[in-house]
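Residue numbers (this note's numbering), protein chains in the order written: chain A, 1 to 321; chain B, 1 to 321; chain C, 1 to 321; chain D, 1 to 321; chain E, 1 to 321.
Hints may contain errors.
In silico lysine to aspartate or glutamate, DMTMM-like type, Cα no more than 20 Å apart, as pairs [to be verified]:
hint, chain 1, residue 1, chain 2, residue 2
1, E, Lys317, D, Asp241
2, A, Lys264, A, Asp210
3, B, Lys263, C, Glu170
4, E, Lys263, D, Glu201
Covered by chain A, per the in silico footprint, the following chain B stretches (three or more residues, Cβ under 8 Å) [to be verified]:
hint, stretch
5, 55-66
6, 151-165
7, 187-196
8, 265-274
9, 284-293
Restraint ranges, calculated between C-beta atoms of paired labels, are given here [claimed, not checked]:
hint, chain 1, residue 1, chain 2, residue 2, range
10, D, Glu155, A, Glu51, 31 to 39 Å
11, A, Val306, D, Thr175, 30 to 38 Å
12, B, Asp75, C, Ser244, 29 to 37 Å
13, D, Leu57, C, Glu217, 36 to 44 Å
14, D, Glu260, A, His114, 35 to 43 Å
15, B, Asp75, E, Asn204, 43 to 51 Å
16, D, Glu155, C, Asp152, 48 to 56 Å
17, D, Thr175, A, Glu260, 42 to 50 Å
No wet-lab data here; the hints were simulated from the structure. Virtual Cβ for every residue (Gly too), placed ideally from N, Cα, C.
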Amino acid sequence: MVRTRLYRDGNLVSEGFPIAEVSDHVTDPGNVVWFDLCAPGAADLERVGEELGLHTLAVEDVFQEHQRPKVDVYDSHLFITAYWLHLEDSRLHPVEISIFVTPNALVTVRENAHFDIDKVTARWDASGDLAKNGVSFLLHGLLDYVVDAHFDLVERFDEEVEALEDQLFEERPMTRQDARKMFTLRKNMVGLRKVATPMREVVNTLLRRDLHVVTPEMMPYYQDLYDHVLRVAEWTDNLRDLMSNLRETHMSQQGFRLNEIMKKLTSWAAIIAVPTMITGFYGQNVPYPGFGSSAGFWWSSTIIVVASGLLYLAFKKRDWL
Amino acid sequence: MVRTRLYRDGNLVSEGFPIAEVSDHVTDPGNVVWFDLCAPGAADLERVGEELGLHTLAVEDVFQEHQRPKVDVYDSHLFITAYWLHLEDSRLHPVEISIFVTPNALVTVRENAHFDIDKVTARWDASGDLAKNGVSFLLHGLLDYVVDAHFDLVERFDEEVEALEDQLFEERPMTRQDARKMFTLRKNMVGLRKVATPMREVVNTLLRRDLHVVTPEMMPYYQDLYDHVLRVAEWTDNLRDLMSNLRETHMSQQGFRLNEIMKKLTSWAAIIAVPTMITGFYGQNVPYPGFGSSAGFWWSSTIIVVASGLLYLAFKKRDWL
Amino acid sequence: MVRTRLYRDGNLVSEGFPIAEVSDHVTDPGNVVWFDLCAPGAADLERVGEELGLHTLAVEDVFQEHQRPKVDVYDSHLFITAYWLHLEDSRLHPVEISIFVTPNALVTVRENAHFDIDKVTARWDASGDLAKNGVSFLLHGLLDYVVDAHFDLVERFDEEVEALEDQLFEERPMTRQDARKMFTLRKNMVGLRKVATPMREVVNTLLRRDLHVVTPEMMPYYQDLYDHVLRVAEWTDNLRDLMSNLRETHMSQQGFRLNEIMKKLTSWAAIIAVPTMITGFYGQNVPYPGFGSSAGFWWSSTIIVVASGLLYLAFKKRDWL
Amino acid sequence: MVRTRLYRDGNLVSEGFPIAEVSDHVTDPGNVVWFDLCAPGAADLERVGEELGLHTLAVEDVFQEHQRPKVDVYDSHLFITAYWLHLEDSRLHPVEISIFVTPNALVTVRENAHFDIDKVTARWDASGDLAKNGVSFLLHGLLDYVVDAHFDLVERFDEEVEALEDQLFEERPMTRQDARKMFTLRKNMVGLRKVATPMREVVNTLLRRDLHVVTPEMMPYYQDLYDHVLRVAEWTDNLRDLMSNLRETHMSQQGFRLNEIMKKLTSWAAIIAVPTMITGFYGQNVPYPGFGSSAGFWWSSTIIVVASGLLYLAFKKRDWL
Amino acid sequence: MVRTRLYRDGNLVSEGFPIAEVSDHVTDPGNVVWFDLCAPGAADLERVGEELGLHTLAVEDVFQEHQRPKVDVYDSHLFITAYWLHLEDSRLHPVEISIFVTPNALVTVRENAHFDIDKVTARWDASGDLAKNGVSFLLHGLLDYVVDAHFDLVERFDEEVEALEDQLFEERPMTRQDARKMFTLRKNMVGLRKVATPMREVVNTLLRRDLHVVTPEMMPYYQDLYDHVLRVAEWTDNLRDLMSNLRETHMSQQGFRLNEIMKKLTSWAAIIAVPTMITGFYGQNVPYPGFGSSAGFWWSSTIIVVASGLLYLAFKKRDWL
């Protein structure tokens with residue numbers, strides 16, 4: 001299905017019409033048009049750019065990799081880059097969403113289908129009474145969906161941190177799998193921060209009155225959106241602190257375990273070395289007291305038992321065993 | 001008991017009347033009304049919102065989780081989110097407090113009953129001579145109580161850090177329980193910072209003259225409140241420094257203990273290995289000097305005692321034992 | 001002796017008169033009055049507050065614990081909180097000094113007698129030619145004395161860091177006492193920073209022209225004071241860096257020593273294990289070559305000496321011993 | 001070939017003419033002249049400086065080492081320093097590029113030939129339709145090429161970090177080569193940051209309207225350039241975070257491996273020490289039960305097998321082997 | 001020789017005249033006077049202060065220790081504090097240089113002779129054509145010399161860091177001397193930062209137009225100076241990063257070596273323990289198979305060789321030896 005929509009006076013007039021019709025609708029300033037391109041070719045995009053009068057640089061930016069979330073302000077339109085995050089095999093894959101904003105048109109360009117645009121249209125339909133705000137309303141619904149996704153990820157990472165914390169003080173030492181989890185979690189948090197924190201600047205730019213993007217009625221909604229973005233950024237920072245707490249406590253636990261093992265090693269090595277030394281004495285081929293006699297055997301055995309026993313007790317008392 | 005209050009000209013006129021009466025009282029601008037909702041349903045809140053003319057977004061925010069302390073400024077009212085912290089089993093549980101502020105009404109919505117609203121009313125009654133400042137007075141008493149609770153927590157954490165410090169240089173090595181305490185303390189400090197530091201911005205926003213929240217007479221009290229908030233933030237930062245000092249010293253002590261153990265291990269292993277080697281020599285089935293004769297026994301015993309004794313003294317001197 | 005002073009036209013007119021007379025002197029704007037209270041009761045302070053027209057909040061603040069250095073600007077007076085630091089048993093104890101500043105009166109309230117007010121009066125007397133600047137002059141002398149004390153502490157900590165540095169590369173490993181010193185030093189540095197860095201803001205506020213605290217003649221002196229405060233802050237930051245250098249080098253030295261010990265352990269264990277193995281061979285009750293014959297003894301002894309000697313030389317060459 | 005170019009009305013009129021002709025062309029304000037000097041002598045540069053009326057300080061700066069990327073604004077011209085980065089044997093070598101910008105001339109001075117100026121001219125030719133913007137156009141092409149090179153390096157470092165991450169959890173412990181790679185990578189990242197982050201300030205200064213460097217048509221292109229610079233800076237910061245994650249996980253893995261080895265050491269040492277102790281007992285020259293009889297042999301062998309076996313099973317159960 | 005100079009209209013008129021004549025020259029505003037005091041007494045300085053009308057505070061500041069680089073602006077003159085750094089026995093010793101700047105006089109006060117004032121006069125003579133700028137010219141030459149010295153130090157530290165880096169991956173482990181070098185280097189870098197970074201503020205203050213210190217012709221030279229100061233600050237920050245890279249890699253190498261040693265210890269201990277155990281078996285005084293017969297000897301020897309050989313091969317394969 002083609003993703004196109006035409007709003008007039010806050011009502012959804014038409015949906016799913018071919019993109020070719022867009023240029024007709026756009027000429028009437030009373031119309032508000034949206035359409036979506038998923039992984040378009042360069043030619044498709046160029047044609048769209050010409051029809052809507054978009055700047056060449058903005059159109060080229062869509063295909064550049066490694067962008068950062070940003071708003072570019074051109075004379076007749078805005079160009080916004082944002083990132084959806086797709087979690088697969090516990091790795092984050094950013095999905096670029098390029099957005100062109102003209103006074104009466106919104107174009108969304110998705111890098112691939114991992115970003116589900118139907119969820120956005122559903123959100124638009126759910127708050128239809130605000131639709132008369134036109135592009136301002138559509139853009140809010142879209143960005144709100146993106147930021148909510150960031151939020152869900154922070155929440156998820158928070159839970160994973162909690163899960164790792166619960167394991168921290170269990171008897172069982174941390175395995176290689178746990179270490180990998182911790183590593184991946186931290187890596188993903190860097191990945192999230194990379195695309196989430198610049199959103200502050202993006203939304204803040206949109207709030208500028210001279211851009212006329214946000215209608216008065218939509219203002220509280222954009223401010224709410226801004227608040228969400230701040231929350232994501234703050235929470236990520238908090239998670240970072242929790243992660244260092246986790247990591248450092250983990251390191252300290254490792255050191256603790258090593259100390260425990262060394263203590264036991266010292267102690268048992270000493271306890272076993274003593275009888276070996278004594279039997280060595282009684283194994284000499286020299287006439288020591290008790291050589292070849294039962295008395296020698298009893299002496300040897302007694303000394304072994306007593307010396308080992310005393311050592312054992314001494315170590316137990318110092319909590320070395 | 002229903003928590004409602006009606007002030008007129010700085011006097012508490014009525015208390016505990018049903019919430020249904022609120023809308024009547026509110027229409028008279030000479031009245032100041034307060035009421036409290038504890039864990040209300042969505043329907044309850046919506047009705048209140050309609051009666052007082054609150055913005056839908058603000059009403060919805062009450063039910064959103066993972067908020068951050070903030071002030072939202074709407075045309076006709078303010079919406080404040082703050083957090084009470086409830087410590088149970090040495091874990092911090094944030095309790096959200098949502099506050100609606102209109103020119104002559106204050107509504108408090110508590111997430112649950114862990115936040116004891118009676119303590120707030122008691123505080124209001126204690127400084128009744130300021131009551132003629134209306135909502136400004138009520139809001140101050142409420143926020144002051146919340147910030148004082150943050151303050152008490154920092155104080156408590158400070159004491160816990162002190163207690164851990166005292167243990168640091170005791171003979172007994174740190175146990176798993178101590179490590180857990182340190183971990184939890186640090187985690188709680190992150191939790192406190194999360195809800196305490198944004199209060200700076202909250203109180204600072206309230207101090208803005210164009211909002212007309214703070215009456216001239218209340219101004220020094222709000223500035224005092226702001227000072228409290230700053231103190232909480234600064235103290236938390238200080239505690240953080242003390243915690244890293246604690247943690248790093250603890251790590252270094254661990255290393256120190258490991259060195260001690262290794263040194264003793266080396267030394268005793270060497271001392272015990274020497275007699276074992278000598279008795280091995282005298283246990284050979286070859287006619288070494290003294291083989292099978294008393295002279296051999298005396299030589300063997302003498303060498304063992306002298307060699308071990310010399311080693312023992314040498315190690316003692318180097319402080320290795 | 002009661003600590004009171006009356007200045008008129010830059011001259012010290014009267015000293016040591018009872019506090020009861022203060023209210024008479026204060027009414028004449030040509031007089032400048034100072035008096036000091038050491039650990040006063042709430043009633044004493046309230047009476048003073050009434051006589052000088054001080055704000056209730058400021059008076060109450062004197063008794064609140066855990067303040068931070070600050071200036072509160074009230075309509076008719078200033079309220080300043082600063083901290084003296086008292087070092088006892090190598091622990092820092094902050095002593096709160098509350099200062100009320102009216103156009104012609106200065107009141108100092110000391111938490112306890114550890115802050116020696118006579119040193120301040122001596123400083124006032126030493127620069128008596130500036131006394132005609134009234135309260136501005138008195139306040140400068142007081143704050144200068146407090147900041148100088150902070151400065152002396154940083155200097156002292158600097159010396160302690162130097163002393164610890166000198167020990168760092170000595171043969172003797174760091175003892176528990178050294179570790180404790182390092183820990184306490186760092187803790188004290190946090191304590192100093194807590195009360196010293198907010199002094200920047202305090203002095204900066206006093207420099208504001210609209211407060212009319214600093215007379216034109218005193219301006220360079222206050223700027224000099226500000227410079228001192230900055231120096232304390234910067235030096236503390238530098239010490240922090242030096243401390244981490246110290247701490248991290250110390251950790252690395254620990255690791256170095258552990259490596260040394262492990263290397264020696266490995267080497268000696270190998271050297272001693274070899275003769276033990278050989279004598280074990282010649283102790284077998286089987287007719288190995290040389291069993292029961294002198295040739296066996298010579299072989300055994302030769303192998304032991306040669307094998308151990310070769311190992312020893314090999315290890316020496318690799319710098320393992 | 002001499003690198004010179006003459007543009008007139010956006011058209012490339014002449015190329016490769018001798019530098020001596022430059023002074024003639026420059027006098028006509030309708031001409032735009034570019035020429036390039038590679039590793040020139042002091043005399044060459046001075047002559048150019050005189051012809052174009054460049055400030056002595058700017059000319060001297062070309063030969064000063066250890067510059068930082070910057071823009072110096074002189075009355076009649078700009079002097080820009082930027083850095084190309086040349087990667088050889090996995091070490092970064094900065095190549096200084098000095099740029100003089102007058103209203104109708106651009107002079108590029110390269111420290112050495114590692115910076116390939118032909119790539120820049122190719123880029124100019126590729127976007128020839130903007131050439132009518134004169135110096136503004138030429139400068140953009142040059143800086144864009146430099147910043148793209150920084151970008152390529154960050155991308156490359158990102159891949160190297162990824163490659164190191166993949167190795168992190170392999171069975172094989174990290175070798176010295178891997179450690180060296182990690183070290184060099186981090187060093188190179190510092191080197192890149194040193195020359196890349198000040199570019200923010202450089203481009204930002206060029207964007208200042210009062211300098212008249214950027215023509216209106218070029219403005220979006222310079223803003224795009226600025227965005228690239230920001231991306232390089234942000235990505236470098238992200239890489240830094242990923243590197244610390246990598247490094248700390250690596251450290252923790254080392255600790256983990258050490259614990260594993262210690263555990264095995266303890267266990268096997270205990271298992272082998274036990275039979276040695278038992279055979280020692282049966283090697284004594286005293287009439288223990290079974291001395292010289294077959295029963296003794298069976299007892300000895302049974303105890304050895306059973307004791308070792310039990311120990312082995314016990315250790316396996318505790319996951320110590 | 002007395003260090004005094006008299007300039008008139010940009011020409012050096014007189015040199016080496018007694019300081020007593022200074023007051024005569026200074027009265028003529030067409031004259032520019034410089035003189036230098038090295039480690040003067042308090043009385044000397046006071047007399048100079050009176051002659052030139054310097055503020056008491058500025059004169060006193062010269063003798064205060066632990067200053068920070070700063071500019072104090074008095075009504076009729078400036079007071080500048082800067083630091084020369086003298087490296088002796090690889091320790092940095094700061095040498096305070098106090099500078100008084102009046103409209104037509106420059107006074108330099110050196111803490112001691114380690115700061116060689118002849119180098120400054122040589123620099124003045126080298127750029128004599130700027131001398132008509134009077135005090136502005138002299139001050140620039142002086143500060144430029146100081147900042148160049150800071151720069152040389154950073155360069156030197158950079159080389160030392162490089163030298164340490166080269167050692168990092170050599171076979172030979174780092175010795176105590178290397179650790180000391182690293183420690184001293186880092187300490188010196190803190191010392192340099194302490195006096196170099198505040199120079200930013202110093203030069204920036206001098207650039208303020210309302211101070212009339214910098215003449216229009218000197219402006220590019222002061223901006224160049226400012227650029228130098230920035231470079232020192234940035235480079236120091238970069239070195240800090242390189243140092244942490246160095247230090248952390250060094251720590252990690254230590255851990256790596258410890259692991260290596262532990263692995264070898266484990267392996268050789270196991271290999272040597274096995275023959276000891278076997279010879280123990282054949283040393284028992286019980287009739288094991290082969291007791292007293294040649295078969296026993298061959299069995300024993302074969303088992304020893306085979307078991308040890310197998311272990312050796314197994315360990316080699318796992319890269320444990």
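* Tell me, which hint numbers fail for this structure? -> Of the numbered hints given earlier, those the structure breaks are 1, 2, 4, 6, 11, 12, 17, listed in rising order.
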